[in-house]
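Please model the complete structure; the sequences and the hints are all you need to start from.
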Amino acid sequence: MQHSRQFLLDSYRSMATIRRFEDRVHDEFSGGKIPGFVHLYAGEEASAVGVCSQLGVRDVIASTHRGHGHCIAKGCDVVSMMKEIYGRRDGLCGGKGGSMHIADIAKGMLGANGIVGGGPPLICGAALTAKYLKTGGVAVAFVGDGGSNQGTTLESYNLAKVWQLPVIFVVEDNGYAESTASAWSVGGSQLGRAAGFGMPGIEVDGFDFFAVYDAAREAIERAREGGGPSLMHVQLSRYYGHFEGDAMTYRAPGEVAKLREEKDSLKIFRKQVTSAGLLDHGEIDAVGDEVAKLIDEAVAAAEAAAMPGEVDLATDVYLRY
Amino acid sequence: MSKKSYREAIRDAIASEMRRDPRVIVMGEDNAGGAGAPGETDAWGGVLGVTKGLQPEFGADRVLDTPISESAFIGAAAGAAATGLRPVAELMFVDFMGVCFDQIFNQAAKFRYMFGGRAVTPLVIRTMYGAGFRAASQHSQCLYPLFTHIPGLKVVLPSSPYDAKGLMIQAIRDDDPVIFFEHKVMYDETAEVPDESYTIPFGEANLTREGRDATIVAFGRMVNFANQAADELKREGLSVTVIDPRTTSPLDAETILDSVAETGRLVVVDESHPRCSMAADIARLVAEEAFDHLKAPIRTVTAPHTPVPFSPALEDIYIPTPKKIRDAVLAVTRGRSS
Chain A
1 MQHSRQFLLD SYRSMATIRR FEDRVHDEFS GGKIPGFVHL YAGEEASAVG VCSQLGVRDV
61 IASTHRGHGH CIAKGCDVVS MMKEIYGRRD GLCGGKGGSM HIADIAKGML GANGIVGGGP
121 PLICGAALTA KYLKTGGVAV AFVGDGGSNQ GTTLESYNLA KVWQLPVIFV VEDNGYAEST
181 ASAWSVGGSQ LGRAAGFGMP GIEVDGFDFF AVYDAAREAI ERAREGGGPS LMHVQLSRYY
241 GHFEGDAMTY RAPGEVAKLR EEKDSLKIFR KQVTSAGLLD HGEIDAVGDE VAKLIDEAVA
301 AAEAAAMPGE VDLATDVYLR Y
Chain B
1001 MSKKSYREAI RDAIASEMRR DPRVIVMGED NAGGAGAPGE TDAWGGVLGV TKGLQPEFGA
1061 DRVLDTPISE SAFIGAAAGA AATGLRPVAE LMFVDFMGVC FDQIFNQAAK FRYMFGGRAV
1121 TPLVIRTMYG AGFRAASQHS QCLYPLFTHI PGLKVVLPSS PYDAKGLMIQ AIRDDDPVIF
1181 FEHKVMYDET AEVPDESYTI PFGEANLTRE GRDATIVAFG RMVNFANQAA DELKREGLSV
1241 TVIDPRTTSP LDAETILDSV AETGRLVVVD ESHPRCSMAA DIARLVAEEA FDHLKAPIRT
1301 VTAPHTPVPF SPALEDIYIP TPKKIRDAVL AVTRGRSS
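As given, the protein sequences belong to chains A and B, one line each in that order.
Mapping of the first sequence onto my numbering: position 138 corresponds to residue 138, and the numbering continues sequentially without gaps.
Mapping of the second sequence onto my numbering: position 268 corresponds to residue 1268, and the numbering continues sequentially without gaps.
By construction, these hints were calculated from the structure, which means they are not laboratory data.
One thing to keep in mind: the hints can contain errors.
[To be verified] With a Cα cut of at most 20 Å, we get these calculated SDA-like pairs of lysine to any residue:
| # | chain 1 | residue 1 | chain 2 | residue 2 |
| --- | --- | --- | --- | --- |
| 1 | A | Lys107 | B | Arg1118 |
| 2 | A | Lys161 | B | Asp1030 |
| 3 | A | Lys134 | B | Arg1062 |
| 4 | A | Lys161 | B | Pro1067 |
| 5 | A | Lys271 | A | Arg5 |
| 6 | A | Lys161 | B | Ile1068 |
| 7 | A | Lys134 | B | Ala1060 |
| 8 | A | Lys161 | B | Gly1036 |
| 9 | A | Lys161 | B | Ala1037 |
| 10 | A | Lys134 | B | Gly1059 |
| 11 | A | Lys161 | B | Arg1062 |
| 12 | A | Lys267 | A | Ala292 |
| 13 | B | Lys1234 | B | Glu1254 |
| 14 | A | Lys134 | B | Gly1084 |
| 15 | A | Lys258 | A | Ser237 |
| 16 | A | Lys134 | B | Arg1118 |
What follows is the structure, given as structure tokens:
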């Protein structure tokens, strides 16, 4: 697949934005500036961007509790996201959703989700809308290895197949559902499950942007052409804990350091595009600098933004009452 | 105007909205019936026939049969609503919400608030409720108090064919998720129902009887039992107001409080269990807001705090009756001074 320079730069920008955003949220959370629960996506960037870089606004995604990366990849405004995570009034959801519920329906982002396995049924509905209104859109449900064991996910495989919906199930297997290894908690295999529901399935190296892109392209094309649902089993890892504050004692000593060294989707991308002569290091560094500035601005804007007040407590609950 | 059953009134409302708005779709288990089977299509029209005839008129794209996967299709209905359709999904018996409650109360109910007002969820979930069918513990519950408890949901309990049609059209046009409770014993009750479309606003109670001596607030099928009790009491010289709130969320508190201010006596009739029920909720409202008007303690008439029994001998004493309602009114009006 030939990619334009602009596409490569945009894709790198999106991955670098996710990394920088998550590293910064980690720091600010540690410093006590961010309330609540946050679950960081750093390490998994190639999956969100490999899929979402080929989606448009007519296409809808549903995310998980580890949702920041999917939001950024789908085009949510980074400053508004940071404000939301800080609980500010002009955050993307008015400070009422927070990290686990960032959504932007207008951008086709149907929400991060605080319920493991909450998204796949919703995405069947988004796909039904696309199919019924003949928009040509597809719908993508991101689930983790933990979410892959929920009944909602398995029911959604069946419903998507029975209704022949334009859905792609992206199982992001980062090795751990909270602290429990996916090697222990998943009976059978992800591809075996796909086959059981009559869906094409594919194993994907989740650290390789181009591998994710190619697998997703095939699944998206199939869905757009009326070929029904597909499943991608994306194997990757997270650099941080299940949530911020997780001491990760369940991981092997040195595991994360080794991952950061050997399995870094940004470094791998850089190597791929520079060795092929598609981009040079200077261009990539320049994108990194732009991203760093954007995240600095986002944090400064979030810190300066106003908190919601009591007047906001009871708004947005019913359209009319 | 023509005679229609409660079932026909609901079907009539859905069909008229489907003709008006192409974004209205219907989905549920056996909503047409016979999908993929060798015999008839539209074989059932839902397990008690409410949606019969819709698929032949509107096609299989708009009247979708589903696998028996309530989590998946109720969630799909919520997702479709958030992305531009107006689904009317059938959760066959409300008892089955136990397998899909997450999609209702964590997803559909929360979108609007959690997303800062930037989402609408025009979803109707139709569901059957209530005892009287000898259907035992897992097919007979009321459960509307559970849904009423959840902010973001609207909860509708039509007590007549006329209300069923007007409230259903309102529900389909509403941009919030609505849980529409249909009492399974009432499907064959008939009344005059206009042929044309009309809406009944949510949160506006209906006074089915007007009197001075006591106020009865009743829900769903219990409105009819309360009317029977009021008519009996009238023959005995007591005039009673019967209030049908029609929706438990939103609740027309004003009409209830105004009536209690006039009568000073309140009986609440609720087919659900007594704890954390609509009976308890209305009693709380009146105790807090109208205590000074009360001339007697509030009485509630509810089912007992037990699962719904199977045996007809037990189920008949489980369900509140007009006689129990009459006795409660007599208890609150005993020794009345005005």
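Here is what the structure says about each hint:
Between lysine 107 of chain A and arginine 1118 of chain B the CA atoms are separated by roughly 11 Å; this keeps the pair inside 20 Å, and the hint holds. Proximity of lysine 161 of chain A to aspartate 1030 of chain B is assessed by CA-CA distance (about 18 Å); at most 20 Å being required, the pair is judged to hold. A distance of roughly 13 Å separates the Cα atoms of lysine 134 of chain A and arginine 1062 of chain B; the hinted pair therefore holds under the 20 Å criterion. Only pairs whose Cα atoms come within 20 Å are accepted, and lysine 161 of chain A paired with proline 1067 of chain B is accepted, the gap being roughly 11 Å.
A hinted pair counts as satisfied when its Cα atoms are at most 20 Å apart, and lysine 271 of chain A with arginine 5 of chain A qualifies at roughly 15 Å. Pair hint lysine 161 of chain A plus isoleucine 1068 of chain B holds up; C-alpha atoms about 14 Å apart against a cutoff of 20 Å. The straight-line distance between the Cα atoms of lysine 134 of chain A and alanine 1060 of chain B is roughly 15 Å, inside the 20 Å bound, and the hint therefore holds. Our distance criterion of 20 Å between C-alpha atoms is met by lysine 161 of chain A and glycine 1036 of chain B, whose separation comes to about 14 Å.
Only pairs whose Cα atoms come within 20 Å are accepted, and lysine 161 of chain A paired with alanine 1037 of chain B is accepted, the gap being roughly 17 Å. Between lysine 134 of chain A and glycine 1059 of chain B the alpha-carbon distance is near 16 Å, which keeps this suggested pair within the 20 Å criterion. Between lysine 161 of chain A and arginine 1062 of chain B the alpha-carbon distance is near 18 Å, which keeps this suggested pair within the 20 Å criterion. Note on lysine 267 of chain A and alanine 292 of chain A: the hinted pairing holds, with a Cα-Cα distance of about 17 Å set against a maximum of 20 Å.
Taking the CA atoms of lysine 1234 of chain B and glutamate 1254 of chain B, the gap is near 25 Å; set against the 20 Å cutoff, the hint is violated. Using a Cα cut-off of 20 Å, the hinted pair lysine 134 of chain A and glycine 1084 of chain B holds, with the two alpha carbons roughly 12 Å apart. The hinted pair formed by lysine 258 of chain A and serine 237 of chain A meets the criterion: a straight-line CA distance of about 11 Å does not exceed 20 Å. For the hint pairing lysine 134 of chain A with arginine 1118 of chain B, the CA-to-CA distance comes to about 24 Å; that exceeds 20 Å, so the pair is violated.
Consistency note: the structure conflicts with the earlier hints numbered 13, 16.
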